[in-house]
Amino acid sequence: DQQVKQNSPSLSVQEGRISILNCDYTNSMFDYFLWYKKYPAEGPTFLISISSIKDKNEDGRFTVFLNKSAKHLSLHIVPSQPGDSAVYFCAASAVGYRDDKIIFGKGTRLHILP
Amino acid sequence: EAQVTQNPRYLITVTGKKLTVTCSQNMNHEYMSWYRQDPGLGLRQIYYSMNVEVTDKGDVPEGYKVSRKEKRNFPLILESPSPNQTSLYFCASSLSRGNQPQHFGDGTRLSIL
Chain W
1 DQQVKQNSPS LSVQEGRISI LNCDYTNSMF DYFLWYKKYP AEGPTFLISI
51 SSIKDKNEDG RFTVFLNKSA KHLSLHIVPS QPGDSAVYFC AASAVGYRDD
101 KIIFGKGTRL HILP
Chain V
115 EAQVTQNPRY LITVTGKKLT VTCSQNMNHE YMSWYRQDPG LGLRQIYYSM
165 NVEVTDKGDV PEGYKVSRKE KRNFPLILES PSPNQTSLYF CASSLSRGNQ
215 PQHFGDGTRL SIL
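Here the protein sequences come in this chain order: W and V. First residue of the first sequence: 1, per this note's numbering; consecutive thereafter. First residue of the second sequence: 115, per this note's numbering; consecutive thereafter.
Please keep in mind that the hints were generated in silico from the structure rather than gathered at the bench. Any given hint could be a false lead.
[What the hints assert, rightly or not] Listed below are the simulated DSSO-like cross-link pairs for lysine-lysine, each with C-alpha atoms no more than 27 Å apart in a straight line: (1) W:K5 - W:K71; (2) W:K101 - W:K56; (3) V:K185 - V:K132; (4) V:K171 - V:K131; (5) W:K106 - W:K54; (6) W:K101 - W:K68; (7) W:K106 - V:K171; (8) V:K131 - V:K183; (9) W:K54 - W:K5; (10) V:K171 - W:K5; (11) W:K101 - V:K131; (12) V:K171 - V:K183; (13) W:K101 - W:K5; (14) W:K101 - V:K179; (15) W:K68 - W:K106; (16) W:K5 - W:K68; (17) W:K56 - W:K68; (18) W:K101 - V:K185; (19) W:K101 - V:K171; (20) W:K54 - W:K68; (21) W:K106 - V:K183.
For reference, chain V alone in the conformation it holds in the complex (with noise of 0.2 Å):
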């Protein structure tokens, strides 16, 4: 079954404490990305990759940063979480462009206090 896996799916966590949320893909996509979901804002974009060692920034990159050392994963870092990231992450895959229609994981809701 073509899926984005997300993990964790929840987390509760302190300031300052890093913390990497994983992506894995199983459908060769080349273009994955990282949305952050917050209430009265929609999705923005966090990083985005459009293929192995491809990264670039999206709207919202301060305190993240990502890697794209193999094509199946995308792991979101917080070096150094605060509070304003409390949010609900997800990450997405499509074929190879961004607007090509977009595989969503099913989300991980951080918390941090």
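If we strip away everything but chain W, and leave its shape as in the complex, we get (with noise of 0.2 Å):
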């Protein structure tokens, strides 16, 4: 059971538009939410995370949302670059389950067109 699912493997956005991609969970005990970047032949590192206390975090070009009724959230990158092209994985913890382990999902796939 696929509790973290990030619907669109992938995406392509013109350089200086909005990038968003979206995460849908499944799982109502989660209550943090993170989302990693991927280049080729790296290993992924940390973006920005969001408790579920919150529904807006904001670090510079990118936001995250949460909707908790939704059970969804979304990473805005504002404006593109081209080095934003890259895997994005969302990953989401219920505090306290399992020493706080996080689920990935499968990543999008994110194409900033020149």
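Quick one: dock chain against chain with the hints and give me the complex.
Pasting the structure below:
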């Protein structure tokens, strides 16, 4: 059973426009969410996180929105830049469950077009 | 420089020949973890360790062993590798909990023939 779903395997966005990556989850116990970015031939790197007590967290060009009632979160990148082309993984955890392990989604490949 | 180092980066081997993938971190992190990445399946946790001599199974532990004798090292052992363990493997570490930002190694691509 896939608890963290990223339903778009890939997304193409024009440089300078907004990129929106979506993530849905099924486990209502999840209360902490993270986004990781991965370039080819490298390991994932942490991007941004959000706790369920918030509905928005912003860090520079990156903003994560959380809609708990819909069990949905999204990552907004504004403006999109060529270096943003990568695979983005959404991850979720339930604090206190199994040492706070995180469950990853399958990832969305973002292509920034010139 | 803070880093997680995995070795080897690439390995082609044959079924049944024991192998070890090493992982070392220099950040004095307590939490370490192994993941495998497969096409269409994302990242799945194999094993994790909360501290020295404390390890636990992740979601796909079958066919793997780990040990944590020192804080900095967390080797992944395949006692009798099989072709279904052909995958891209990542080691990661974080300060103390799994949901804290994890630092990942650059990956080890294993091919089991």
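_Hint numbers contradicted by this structure_ = Failing hints, ascending: 11, 21.
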